[in-house]
Amino acid sequence: MNNNKSKHALLSVSALALMGTMLTPAASWAKDGETVIQENCLSCHTRTGNPETPFSRISEQRKTPEGWQMTLQRMQHWNGLALSPEDTQAVIKYLSDTQGLAPSETAPFRYVLEQQPNVVEDADPAYAEMCARCHSNARFGLQRRTENEWKELVNTHMAIHPTTELHALARDRRWYDIALNETAPKLATDYAFNDAAWKQWQKMAKPALEGSWSVAGFLPGKGDYSAILKAVKTSADKYSVTMSGHYSDGSELHGSGSANVFSGYEWRAGLTVDGVSMRQVLAASADGSSLTGRMYQSAHDEIGGELKAVSGNAIVGLSPAALKQGETSQVTIFGGYLKGNVNLGPGVKVVKVLSRDADRVVVEAKASAAATVGMRDVAVGATKAKAQLAVYDKVAAVQVFPPQSMARIGGNGGKIPKMQSTYRAVAFSAGADGQPGTDDDMRLGYMPASWSLKPQNEVAAEDRDVEFAGTIDSQGIFTPGDTGLNPQRKMSTNNVGMLKVVASVRDGDNTVEGESDLLVAVPSYIKRAIQ
Amino acid sequence: MKLTLKIKAAALIGAVSTVALMSGCSMNPSASLNGMKGDGHEYLLTVTRPNQLHVIDTETKQVIRSCDVPGVFGQGTVEPSPDGRIAYVGTNKWEDVAGFDITNCEMVFFAKQSDNNVTVKSFVSLAVSRDGKELYTIQNPTRKLTDRYEVMQPQLAVYDTSAGLDAKPIRTFPVDRQITKIMAMDTGEVILGGNDLQAINPQNGEIRMLSKLQHWDRPGDKWVQPDAFAMHSLGEHVDEFIMPYFTIKWNGDPGDMEKAEFWWGMSRVDLKTGEVEQTETVPFEFIVFNFITDPADSNILYGAFNTLSKHDIREQKTLAVHNMDHTYYNLNMTQDRTIYVGGTSSDISIHDPETLEKIGSIQLPGDMSTSAMRIAYLK
Numbered sequence: 001m002n003n004n005k006s007k008h009a010l011l012s013v014s015a016l017a018l019m020g021t022m023l024t025p026a027a028s029w030a031k032d033g034e035t036v037i038q039e040n041c042l043s044c045h046t047r048t049g050n051p052e053t054p055f056s057r058i059s060e061q062r063k064t065p066e067g068w069q070m071t072l073q074r075m076q077h078w079n080g081l082a083l084s085p086e087d088t089q090a091v092i093k094y095l096s097d098t099q100g101l102a103p104s105e106t107a108p109f110r111y112v113l114e115q116q117p118n119v120v121e122d123a124d125p126a127y128a129e130m131c132a133r134c135h136s137n138a139r140f141g142l143q144r145r146t147e148n149e150w151k152e153l154v155n156t157h158m159a160i161h162p163t164t165e166l167h168a169l170a171r172d173r174r175w176y177d178i179a180l181n182e183t184a185p186k187l188a189t190d191y192a193f194n195d196a197a198w199k200q201w202q203k204m205a206k207p208a209l210e211g212s213w214s215v216a217g218f219l220p221g222k223g224d225y226s227a228i229l230k231a232v233k234t235s236a237d238k239y240s241v242t243m244s245g246h247y248s249d250g251s252e253l254h255g256s257g258s259a260n261v262f263s264g265y266e267w268r269a270g271l272t273v274d275g276v277s278m279r280q281v282l283a284a285s286a287d288g289s290s291l292t293g294r295m296y297q298s299a300h301d302e303i304g305g306e307l308k309a310v311s312g313n314a315i316v317g318l319s320p321a322a323l324k325q326g327e328t329s330q331v332t333i334f335g336g337y338l339k340g341n342v343n344l345g346p347g348v349k350v351v352k353v354l355s356r357d358a359d360r361v362v363v364e365a366k367a368s369a370a371a372t373v374g375m376r377d378v379a380v381g382a383t384k385a386k387a388q389l390a391v392y393d394k395v396a397a398v399q400v401f402p403p404q405s406m407a408r409i410g411g412n413g414g415k416i417p418k419m420q421s422t423y424r425a426v427a428f429s430a431g432a433d434g435q436p437g438t439d440d441d442m443r444l445g446y447m448p449a450s451w452s453l454k455p456q457n458e459v460a461a462e463d464r465d466v467e468f469a470g471t472i473d474s475q476g477i478f479t480p481g482d483t484g485l486n487p488q489r490k491m492s493t494n495n496v497g498m499l500k501v502v503a504s505v506r507d508g509d510n511t512v513e514g515e516s517d518l519l520v521a522v523p524s525y526i527k528r529a530i531q
Numbered sequence: 001m002k003l004t005l006k007i008k009a010a011a012l013i014g015a016v017s018t019v020a021l022m023s024g025c026s027m028n029p030s031a032s033l034n035g036m037k038g039d040g041h042e043y044l045l046t047v048t049r050p051n052q053l054h055v056i057d058t059e060t061k062q063v064i065r066s067c068d069v070p071g072v073f074g075q076g077t078v079e080p081s082p083d084g085r086i087a088y089v090g091t092n093k094w095e096d097v098a099g100f101d102i103t104n105c106e107m108v109f110f111a112k113q114s115d116n117n118v119t120v121k122s123f124v125s126l127a128v129s130r131d132g133k134e135l136y137t138i139q140n141p142t143r144k145l146t147d148r149y150e151v152m153q154p155q156l157a158v159y160d161t162s163a164g165l166d167a168k169p170i171r172t173f174p175v176d177r178q179i180t181k182i183m184a185m186d187t188g189e190v191i192l193g194g195n196d197l198q199a200i201n202p203q204n205g206e207i208r209m210l211s212k213l214q215h216w217d218r219p220g221d222k223w224v225q226p227d228a229f230a231m232h233s234l235g236e237h238v239d240e241f242i243m244p245y246f247t248i249k250w251n252g253d254p255g256d257m258e259k260a261e262f263w264w265g266m267s268r269v270d271l272k273t274g275e276v277e278q279t280e281t282v283p284f285e286f287i288v289f290n291f292i293t294d295p296a297d298s299n300i301l302y303g304a305f306n307t308l309s310k311h312d313i314r315e316q317k318t319l320a321v322h323n324m325d326h327t328y329y330n331l332n333m334t335q336d337r338t339i340y341v342g343g344t345s346s347d348i349s350i351h352d353p354e355t356l357e358k359i360g361s362i363q364l365p366g367d368m369s370t371s372a373m374r375i376a377y378l379k
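Protein sequences, first through last, are from chains A and P. Just so it is clear: in the first sequence, position 24 is 24 by the numbering used here, and no numbers are missing. Just so it is clear: in the second sequence, position 9 is 9 by the numbering used here, and no numbers are missing.
Everything labelled a hint here was simulated from the structure, so no lab data went into it. Cβ coordinates follow ideal geometry from the N, Cα and C atoms, glycine included. Certain hints may be false.
Examples of chain P residues toward chain A, derived with CB under 10 Å [unchecked claim]:
hint, residue
1, Lys121
2, Thr142
3, Thr180
4, Gln203
5, Gln214
6, Gly220
7, Lys222
8, Val224
9, Tyr245
10, Lys249
11, Val321
12, Asn323
Far from chain P, some chain A residues (derived; all Cβ distances over 12 Å) [as the list claims (entries may be wrong)]:
hint, residue
13, Arg57
14, Asn79
15, Glu121
16, Ala128
17, Lys151
18, Glu152
19, His157
20, Gly223
21, Gly250
22, Gly257
23, Ser298
24, Leu354
25, Ala382
26, Gly437
27, Ser492
28, Lys500
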């Protein structure tokens, strides 16, 4: 198959699979996954005769639902496996439940499942050049294999990507020998197939997720929001989901869809929220009291933000999360079914309650000029939350989040859309020592900012990257330039660039700036469930 | 330098007239060559996507013939036969080798290396013996079993160039992994370039070390293991094999970049004698994808990537740098010292060796991508 064709095929199939496999609302799991494996996989895989690991290769690996999804995609592309979407779902479900990862095993790498962009990893040096020069650390950190299986994975690399041993950082060493005899045994220890965490998790009662949840979250371009999420069980580990609430500007939020739960805690939901197809990747806590993770646009996974849901009645957040001494401001308390008096702590007066909804309470609050600087607990009636509201004297520093980021050129009639990047400004007060950047700084939460771009270095200035690489809007959303050669640029290069994103936060008569690095890169032609 | 050039030119003219005298009475060379010039006339060979071999007359700077290569584009590896008549092309994603008569595009050789469940990849590695009778590839085989892959021992495969369109290896010998570019020497040996530079005797498989790279003996606290970039076969214009590398010299503690020196280096082999030279050439100031040697002065190297550059390696100095219109991977040089810079896109940029100024361009119908750009001296 032609390279480009196969890339496009991979791209479209993986996108389809993401939507089709994981998100198709179905009444129940169509067929038992084990039966599907026996009927479809044993023409190549063999029965080992060992009840602990009954199927060759398959039984000596543990993966996340996305990991198993990628395995099935590879079997389809490389080995001609043909499975209906329902059977594919059944196999992913079966393998994730019986050969999945425990919550403690996925905890360090959830960002990749959540499709969170701009995470900078710190891989073990033993993996940094051998594995993480192509993959995220999360890609292999979210797999568990026996040593033999890690070795088979090395051999698969040699067969499918035979130039692996010729790349930079491979051709200067005995790559295959090192991968087989040093890296694979280390992986088998660090990411062991037989791990007590999974055995223990399998024995535990799994959290019940049906019911009402108090939700707080953030979406680029929309801002903070609150909602009530209702999950109604339709069959084992399947739920119909509705979300109803408000963005912090007061506009309403409505969404509905369905969720599947894998491995007892991996919540994967597809919803249409205000006309936009969205996806939730959340992890349920072991006690079933919370769901945390990220909600993002299905078609543009970089456009999304954190989502936290707490079971039943709870305070889950504040917007804004800080009040300046002497300031009167509207404050929204995010939380479900909050009843009773609002208490924002000492020195902060609730002037009046502006509105009450199922998902929030909006008040006008005034911090007295003499209010002590520090964090305040918040209560609405009997519902309480610790350290929610900061009272501050002045904004001493602003950090732009994420501190390092990447956007990708695209569009321009090509098949790959532009990949945007989004920013928020986090403000800090200086703390008792009066010096920003020290341990006693107080985080004031996200604040509105005006956004601008500047060149990251001399080369970027010389190449006029700011002119070509893209633009940032008032919401902190950066849109990169068109893909393709640009005859206006030196060497007709494309619209890549190295920029700094600058946030300017107003604090009374002062403006405090923060900045972060942005690399505008070329398109990524292959989209994987786990990058 | 000019004197040397004149001598070279005179020698060339002398050689040309001798050959003309000898062959003149027996046949009309231009008829047998289908209108092309013999007597060592230089033709530039390259491959473009989707998969075509192009024959370019270096005198007229025109593409005179384009041959369709079977299979999907591989890497665009090209190896001319010693008589310049046949161009061997690596095709089908590094798996097959097709040989074309460049005077008429007739395919006279084909070797399908993969078989049944064994996939064989040959990365860049394509060489022809100095007498033109044998063709060499380095085969990297993997076997697909029912539920796993077996990684097999790489080997040198020897083909008879007269084997036609279903050529099979007549001899094979085990070799190391990571071997990419190879070239035949007058010693009868084949240089294996990759992890190190070795020479293999294709008659009996005996291997000797020519120049250590991955296994070099320098102390690790003083030098970083060289990164040898071996993606394009070059050097036929001066009868040499050239393997550039990059290394770092630690003047302070290893990792102390402030005190470190960054160097280009090369392992260079004289194909006539097998003599090897390994040396740091010029300080690393910008990326160079490939270096070639000036036919008039082996101390002068030219390099190409975003720039075309000229270096004196005896003085370890960069003499001239020319900014290119776009990125190029590859370069070559005719005996009149005209520089041809190609690769990546669909044009070959022609440059003056003294000023490095652009003096011409050849437009091709498709992208060269990573393709080789070799010179056939048609006899």
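Right, here's what the structure says about each hint:
The interface hint given for Lys121(P) is met, as the beta carbon of that residue sits about 5 Å from the closest beta carbon of chain A, less than 10 Å. Nearest Cβ of chain A to the Cβ of Thr142(P): about 4 Å, under the 10 Å cut. The hint holds. Among the interface hints, the one on Thr180(P) holds; its C-beta lies about 7 Å from the nearest C-beta in chain A, closer than the 10 Å criterion. With 10 Å as the threshold, the beta carbon of Gln203(P) stays out of range of chain A, its nearest partner Cβ sitting at about 28 Å, so the hint is violated.
Using the Cβ-Cβ criterion of 10 Å, the hint placing Gln214(P) at the interface with chain A is satisfied: the shortest such distance is roughly 6 Å. Checking Gly220(P) against chain A: minimum C-beta separation of about 12 Å lies over 10 Å; hint violated. Interface restraint check for Lys222(P): the shortest CB-CB distance to chain A comes to about 16 Å, outside 10 Å, so the restraint is violated. The interface hint given for Val224(P) holds, since its Cβ lies 8 Å from the closest Cβ of chain A, which is under the 10 Å cut-off.
The beta carbon of Tyr245(P) is positioned within 10 Å of a beta carbon in chain A (closest approach about 9 Å), and the interface hint is therefore held. Evaluation of the Lys249(P) hint against chain A yields a violated restraint, the C-beta minimum of about 15 Å exceeding 10 Å. Against a cut-off of 10 Å between C-beta atoms, the interface hint on Val321(P) is violated, since the closest Cβ of chain A lies about 14 Å away. Of the supplied interface hints, the one on Asn323(P) holds, with its beta-carbon coming within about 8 Å of a beta-carbon of chain A, less than 10 Å.
At roughly 5 Å, the least C-beta separation between Arg57(A) and chain P is not larger than 12 Å, which violates its mark as non-interface. Here Asn79(A) does not stay apart from chain P, with its beta-carbon only about 9 Å from theirs, under the 12 Å limit. A cut-off of 12 Å between C-beta atoms confirms that Glu121(A) is not in contact with chain P; the least separation is 21 Å. In this structure Ala128(A) is separated from chain P by more than 12 Å, as the shortest Cβ-Cβ distance comes to about 14 Å.
The Cβ of Lys151(A) does not lie farther than 12 Å from every Cβ of chain P; its closest approach is about 10 Å, which violates its non-interface assignment. A Cβ of chain P approaches the Cβ of Glu152(A) within 12 Å, the least distance being about 5 Å, so the stated non-interface status is violated. For His157(A), the non-interface assignment is contradicted: its Cβ lies about 9 Å from the closest Cβ of chain P, within the 12 Å cut-off. Look at Gly223(A): its CB is around 43 Å from the nearest CB on chain P, clear of 12 Å, so calling it non-interface holds up.
Look at Gly250(A): its CB is around 52 Å from the nearest CB on chain P, clear of 12 Å, so calling it non-interface holds up. Distance to chain P confirms Gly257(A) as a non-interface residue, since its nearest Cβ pair spans about 37 Å, more than 12 Å. For Ser298(A), the condition that its CB be more than 12 Å from all CB atoms of chain P holds, with the nearest at approximately 33 Å. Listed as outside the interface, Leu354(A) is consistent with that label: its C-beta sits roughly 58 Å from the nearest C-beta of chain P, beyond the 12 Å cut-off.
With a least CB separation of 59 Å from chain P, Ala382(A) remains clear of the 12 Å interface cut-off, as annotated. Listed as outside the interface, Gly437(A) is consistent with that label: its C-beta sits roughly 26 Å from the nearest C-beta of chain P, beyond the 12 Å cut-off. Taking the minimum C-beta to C-beta distance to chain P, about 6 Å, the non-interface status of Ser492(A) is violated against the 12 Å cut. The claim that Lys500(A) is not at the interface with chain P holds, since no C-beta of that chain comes within 12 Å of its own (minimum 23 Å).
When held up to the earlier numbered hints, the structure conflicts with 4, 6, 7, 10, 11, 13, 14, 17, 18, 19 and 27 and fits the remainder.
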